[in-house]
Amino acid sequence: MLVSVLLHPLRIGWDPALHLQCAQLIVAGGLPYVDMFDVNPPLIWYLDMLPALLSSAGNIPVTLAFNLFMCLLLLLSSSLCAYVVVSKLSCDSQNLLVNLGLIFGLLYFNFFLTFDFGQREQIFVLLYFPFLFLRFARYQGAAITSGEAVLIGTLASIGICLKHYFLFNAICVELFLILGASREAPRGASRKEWWRNLLVPENFAALACALLYLAHFFFLPQAVKDNYFGFLVPAFAAGYQFWDTSLASSLAAPDKRGVFFLLSLAALLALSFSHRYALLSCCAAFAFAGVVPYLLQFKGWAYQDIPAFAGAVIVICGGLAALLVAIIEGVIRSKKSIEKQSAIFTTSCLCLLVFIAGFSLVNAREEYEKIKGEPNFDLSTIGYSGDSPYSDIDSPFATIILAHAKPHDRVIFIGNAVAPGFPPTTQLRVKPGSRHLHCCILSVLQYIKDVREVTPENSRLLSFKDRIVKEYAEDIEKNKPVLIFVQNGPAAEYLAPYNFNQYLKQYKKIDDVAGYTAYELQVKS
Amino acid sequence: MNKLSFNLFIACLLALCLSALLAGWFSIHQLLIPAEAAMRLCCGVQIADGARPYIDFLDNSSPFALYLSSLPALLSKLICIHPITIFNLMVVLLALVSLLLVIRSGQGLSPRLKMLQFCLPAIVLGVALSLIYFLNCFGQESVLFFLLFLPYLTQRYLSISALNPAKKRLRSAMIGFLAALGLLLNPVFLLALVAVEFTCLFSLGDISLAKLKRRYLTTELVACLFTLFLLSLLLLCLVPSVVSEYLGPIWRINQLSFEYFNDDLSYVDKSPDRRDLVYAFVVFFVLALPLAGCCLLTRLMCLMAAFGFGYFVFSGTLFSHQGILMIAYSLIALLLASSRYIRACRSAKVFSGQIAAWCSARLNKKVVVFLSLLVVVCFVSSSVAAVKLAKGSAFSLSELGYYGFGFEHDLSFFSKTVKEASTARDRVWIYSEQISPAFPLLTQLRRKPGYLVWGFPLRTLKVLHERGTPEQIAQLARFETTLYDRLKLEALSAYPPALILLEDGEVHDLFKAKGITAIIEQHYSPIDSCSPLNGDEIASHNPYEYLGFRVGFSADKRHK
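Going down the list, the protein sequences come from chains A and B. Here the first sequence is numbered in numbering that gives the first Met the number 0, starting from 0 and rising by one per residue. Here the second sequence is numbered in numbering that gives the first Met the number 0, starting from 0 and rising by one per residue.
Since the hints were made in silico from the structure, they are not lab data. Honestly, I wouldn't trust all of these hints.
[To be verified] With a Cα cut of at most 30 Å, we get these calculated DSBU-like pairs of lysine-lysine:
| hint | chain 1 | residue 1 | chain 2 | residue 2 |
| --- | --- | --- | --- | --- |
| 1 | B | K210 | A | K339 |
| 2 | B | K513 | B | K487 |
| 3 | B | K212 | B | K418 |
| 4 | A | K464 | A | K504 |
| 5 | B | K76 | B | K113 |
| 6 | B | K556 | A | K298 |
| 7 | B | K415 | A | K255 |
| 8 | B | K76 | B | K556 |
| 9 | A | K191 | B | K113 |
| 10 | A | K339 | B | K212 |
| 11 | A | K464 | A | K298 |
| 12 | B | K415 | B | K212 |
| 13 | B | K269 | A | K448 |
| 14 | B | K461 | A | K255 |
| 15 | B | K365 | B | K418 |
| 16 | A | K504 | A | K479 |
| 17 | B | K559 | B | K418 |
| 18 | A | K469 | A | K448 |
| 19 | A | K298 | B | K559 |
[Unchecked claim] Computed spacing ranges between beta-carbons, pair by pair:
| hint | chain 1 | residue 1 | chain 2 | residue 2 | range |
| --- | --- | --- | --- | --- | --- |
| 20 | A | F111 | B | K212 | 47 to 53 Å |
| 21 | A | F111 | B | S207 | 51 to 57 Å |
| 22 | A | Q240 | B | R549 | 19 to 25 Å |
| 23 | A | N487 | B | Q521 | 47 to 53 Å |
| 24 | B | S207 | A | L206 | 47 to 53 Å |
| 25 | B | Y278 | A | N487 | 55 to 61 Å |
| 26 | B | L189 | A | T345 | 47 to 53 Å |
| 27 | B | L246 | A | L206 | 19 to 25 Å |
| 28 | B | L211 | A | Q240 | 51 to 57 Å |
| 29 | B | F548 | A | L206 | 26 to 32 Å |
| 30 | A | G257 | B | F225 | 49 to 55 Å |
| 31 | A | V232 | B | V375 | 34 to 40 Å |
Even glycine gets a Cβ: it sits at the ideal position worked out from N, Cα and C.
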């Protein structure tokens with residue numbers, strides 16, 4: 000993964016790029032929801048401040064800093080899981096092999112994410128899984144120190160707080176553990192055990208961290224609270240359905256159904272070995288729970304099913320390891336050869352690690368060979384050293400930005416989606432020319448106007464449309480962005496009643512590309 | 000009566016009451032049937048009349064499903080009762096047989112059977128709740144598979160846990176036979192057998208040869224495999240042309256229908272939104288999962304629920320009936336788990352023991368009388384409720400050539416047009432890209448469909464021309480030509496359709512391009528068009544799930 004990240008310093012998806020941009024703006028002194036408008040809760044921006052700071056400190060592309068940060072998270076997550084597995088869970092070598100399979104799955108699913116690498120769903124999985132392992136160990140009666148519990152609980156809490164939907168996964172896992180424990184506990188002791196397993200440092204840490212995050216909203220400047228809770232949250236609650244899709248498209252479309260078939264396969268493996276390895280079932284509960292938030296959001300966007308996908312991959316890897324154990328046991332059945340069995344399992348673990356390492360090296364080499372044959376983009380163009388495969392930034396918008404703007408110049412994309420404004424804005428080191436990083440909010444308001452009933456609250460929300468257009472005009476006037484891209488479809492329609500061209504008098508139309516009209520500033524300040 | 004036999008008694012009671020309730024309901028609603036089941040039944044009627052599937056009529060169901068559907072049709076021919084009524088009552092009987100087989104497997108004095116005996120009411124309750132919730136889907140392929148395969152799971156649990164009494168070979172063989180019938184309904188169901196056996200294999204603990212022979216290769220598995228093999232062989236020998244047609248173009252069309260997603264379904268409200276089913280499945284599954292590790296039966300139910308989820312996704316259209324397996328099995332798994340949780344709770348155990356003792360003391364010698372009385376009461380009350388809830392006027396089925404009666408409201412959309420423009424046994428074409436509204440109407444009104452039973456290949460063939468590879472198009476070109484030639488011949492034959500309803504838009508354009516519309520214009524007169532959006536139609540009939548855009552149908556009646 001590290002090799003891949005270093006070979007692709009500019010590779011990033013649109014949503015992570017947007018969050019990273021917000022983090023950069025915060026690092027530069029901006030206020031969320033005042034100097035940048037987006038509906039997402041701010042925790043991911045706070046988290047992304049780390050790569051943003053690293054980027055400015057080390058003068059490396061912020062995308063590279065972000066990807067390195069993700070690698071660090073991968074390392075942290077898998078190390079913590081391995082620590083819990085080795086020190087708390089694996090009472091025998093069979094268990095160790097299966098648990099290592101689970102950790103391999105936790106690492107392996109990341110390789111399939113490509114442009115969804117760095118989404119909040121992935122970060123949640125990485126931060127939550129050590130907690131899942133630890134909670135499982137707790138219910139198994141493992142001795143856990145407070146320090147370990149607080150560290151892992153805090154990380155899990157950060158993961159869960161990234162999106163409120165993730166709480167459902169955590170609740171399902173906890174329910175699984177509680178019900179599993181109540182089945183095993185001796186009668187009478189179960190209620191006491193139940194409280195003893197629930198009122199533990201990792202849960203307190205997770206709760207405290209979540210409460211701290213909630214409490215921080217009270218201390219934010221009034222303008223932030225007004226914009227976020229007074230406008231963005233209620234508007235999106237009423238109109239986010241603009242992007243809704245159908246159940247058929249969410250589950251059965253050819254590009255999405257694979258994840259759900261994987262889930263069925265994961266269930267087969269988890270159930271086949273659940274009597275021996277309950278952790279497999281626990282991971283399966285996490286994976287299936289991931290389907291509910293995906294459908295609650297109902298957008299059918301592939302990244303939203305990452306928890307389900309990750310869970311399925313983890314269970315399948317663990318299940319295959321369990322299958323391997325069963326085969327080995329089948330081959331050496333003699334009770335006298337327990338030591339021999341143990342030796343074989345340990346050797347298998349080592350072989351597995353060697354195989355993974357070898358596989359990774361071969362993959363890295365293949366990727367290197369592939370990159371070598373591709374055209375490169377010289378990073379000195381944007382003030383960094385090194386180069387990056389051009390395919391990572393290849394888009395007609397990037398071509399225009401590179402031709403007409405310098406690093407740190409300002410650019411505005413007025414479109415009703417995060418793409419295509421992002422990732423090029425983040426990748427090419429240009430700054431957003433407006434506090435409105437995209438105009439999704441205009442589609443939301445249009446939906447409220449078209450579909451929702453006329454209520455005082457909806458009318459209040461709709462009145463914000465004038466303010467948004469005014470703010471666009473103010474930002475253009477103040478920041479003088481060198482390029483403005485206006486979406487020909489929905490966005491142009493939303494702006495048409497305001498005669499938006501009046502704000503573009505200093506601009507000349509230079510191109511019509513991929514559904515957008517590009518305008519260039521004629522009198523540069 | 001001790002506490003365990005009390006559990007058996009409760010399970011029997013539930014099973015009999017459920018069957019009586021269902022029988023009462025369907026003896027009044029004699030024409031109530033879901034579209035897919037009606038379509039297969041219609042094919043069964045044609046098979047009973049001597050037609051060969053895929054050769055004399057075209058449908059995409061498995062040949063076994065079609066031949067099995069001919070059983071109620073044959074019986075209907077003998078006793079002149081509507082095949083839908085017979086079909087429904089046969090499914091009720093199947094439900095009863097299936098539940099009794101499950102209950103019988105819990106009979107015995109072995110203390111090791113205690114666990115199963117305690118769980119039996121939960122299983123029967125799960126089946127009852129599922130069947131009642133999906134009453135509108137009664138008789139669907141998934142319901143049949145669910146009922147046929149359920150005893151097999153219980154039997155496998157007994158065998159793997161070494162609880163299987165050696166003397167009950169006949170019952171085990173019957174369970175295996177029923178499971179094989181279920182598996183043959185749809186080739187995808189065969190995966191369920193593989194999954195169940197995979198799980199059972201690793202539930203043995205150490206896989207020694209002796210254990211494998213004694214516990215794994217048991218009567219029900221052998222009977223199931225033997226039936227699968229025998230029926231396949233029988234079909235291959237008796238009707239090789241049917242098999243080759245099914246494995247040729249029909250299989251290919253099914254495969255391509257899966258491959259090419261209908262993009263219209265990406266839009267909101269263009270396909271059923273049954274997220275509630277998925278949510279219920281996930282919650283049931285997750286709650287049952289902790290118990291799966293220690294109870295093989297719960298594990299098997301969870302496994303089947305997960306298989307049902309895969310099947311739901313695989314269906315592509317995500318209709319309610321396609322979610323039956325995931326809901327029914329996950330509900331049973333949840334109830335099994337709940338019964339274990341209740342058992343773990345001392346106060347609940349004491350309370351249930353007291354109820355059992357109280358009931359046992361009073362029912363001991365009057366069980367049979369009580370059961371008979373309760374069954375009659377259930378049947379009568381269900382019939383009365385069915386009459387009271389029935390909408391629309393009743394009509395005699397004598398005009399269709401059957402004894403009995405039906406309700407106007409039970410008929411499907413466009414019944415008025417079809418009744419006015421055709422008579423029983425007439426051929427009627429109702430073509431759209433989906434099964435409704437052609438079915439259940441044609442089966443209900445005893446009309447015969449065209450060579451193409453419903454428009455299953457139309458969308459795929461159309462999409463194929465837009466997105467398919469040259470090889471794929473060439474492969475199916477002969478099939479497409481034959482299809483339209485047969486339709487043209489049928490329209491010009493001595494037994495032409497008396498009425499033709501064609502969906503506006505793509506189906507209409509397709510028929511026009513292939514020259515069928517020209518024949519219709521020459522030999523048919525247009526009558527008032529029908530629309531599923533018509534207020535009268537909506538008010539007079541039960542709603543049905545629809546894919547894509549609801550559009551009207553042109554209606555043309557044959558010149559006299």
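Each hint, compared with the structure:
1. About 23 Å separates the Cα atoms of K210 of chain B and K339 of chain A, which keeps this hinted pair within 30 Å; it holds.
2. Between K513 of chain B and K487 of chain B the alpha-carbon distance is near 9 Å, which keeps this suggested pair within the 30 Å criterion.
3. Of the supplied pair hints, the one linking K212 of chain B and K418 of chain B is violated, its CA atoms being roughly 60 Å apart against a limit of 30 Å.
4. Distance restraint check for K464 of chain A and K504 of chain A: the Cα-Cα separation of roughly 22 Å lies within the 30 Å cut-off, and the hinted pair is therefore satisfied.
5. Proposed proximity of K76 of chain B and K113 of chain B is contradicted: the alpha carbons are some 47 Å apart, above 30 Å.
6. About 45 Å separates the Cα atoms of K556 of chain B and K298 of chain A, which puts this hinted pair outside 30 Å; it is violated.
7. In summary, the hint linking K415 of chain B to K255 of chain A is not supported, as the alpha carbons are separated by about 42 Å, beyond the 30 Å threshold.
8. A hinted pair counts as satisfied when its Cα atoms are at most 30 Å apart, and K76 of chain B with K556 of chain B qualifies at roughly 29 Å.
9. For a cut-off of 30 Å, the pair hint linking K191 of chain A to K113 of chain B stands: about 28 Å separates their Cα positions.
10. Annotation: proposed proximity of K339 of chain A to K212 of chain B holds, straight-line Cα distance about 27 Å (limit 30 Å).
11. At roughly 24 Å between alpha-carbon atoms, K464 of chain A and K298 of chain A fall within 30 Å of each other, so this suggested pair holds.
12. Distance restraint check for K415 of chain B and K212 of chain B: the Cα-Cα separation of roughly 61 Å exceeds the 30 Å cut-off, and the hinted pair is therefore not satisfied.
13. Using a Cα cut-off of 30 Å, the hinted pair K269 of chain B and K448 of chain A holds, with the two alpha carbons roughly 22 Å apart.
14. Proximity of K461 of chain B to K255 of chain A is assessed by CA-CA distance (about 23 Å); at most 30 Å being required, the pair is judged to hold.
15. The hinted pair formed by K365 of chain B and K418 of chain B fails the criterion: a straight-line CA distance of about 52 Å is larger than 30 Å.
16. For a cut-off of 30 Å, the pair hint linking K504 of chain A to K479 of chain A stands: about 12 Å separates their Cα positions.
17. This hinted pair checks out: K559 of chain B and K418 of chain B have alpha carbons roughly 16 Å apart, not beyond 30 Å.
18. Note on K469 of chain A and K448 of chain A: the hinted pairing holds, with a Cα-Cα distance of about 19 Å set against a maximum of 30 Å.
19. Restraint check for K298 of chain A and K559 of chain B: not satisfied, since their Cα atoms lie roughly 54 Å apart, outside the 30 Å limit.
20. The hinted window of 47 to 53 Å between F111 of chain A and K212 of chain B is violated, with their beta carbons roughly 42 Å apart.
21. In this structure, F111 of chain A and S207 of chain B break the distance hint of 51 to 57 Å, their C-beta atoms being roughly 39 Å apart.
22. About 21 Å separates the C-beta atoms of Q240 of chain A and R549 of chain B, a value consistent with the hinted range of 19 to 25 Å.
23. Taking the beta carbon of each, N487 of chain A and Q521 of chain B are about 48 Å apart, inside 47 to 53 Å as hinted.
24. The beta-carbon spacing between S207 of chain B and L206 of chain A, approximately 49 Å, falls within the hinted interval of 47 to 53 Å.
25. Restraint check, Y278 of chain B to N487 of chain A: a C-beta distance of roughly 39 Å breaks the suggested window 55 to 61 Å.
26. Judged by the Cβ atoms, the range 47 to 53 Å given for L189 of chain B and T345 of chain A is violated: they are separated by roughly 39 Å.
27. Roughly 60 Å separates the CB atoms of L246 of chain B and L206 of chain A, a value that falls outside the hinted 19 to 25 Å.
28. Separation of L211 of chain B from Q240 of chain A is about 55 Å and conforms to the stated range, judged on CB atoms against 51 to 57 Å.
29. About 49 Å separates the C-beta atoms of F548 of chain B and L206 of chain A, a value inconsistent with the hinted range of 26 to 32 Å.
30. Checked against the hint of 49 to 55 Å, the pair G257 of chain A and F225 of chain B fails, with Cβ atoms roughly 35 Å apart.
31. The hint said 34 to 40 Å for the Cβ distance between V232 of chain A and V375 of chain B, and at roughly 60 Å that hint is violated.
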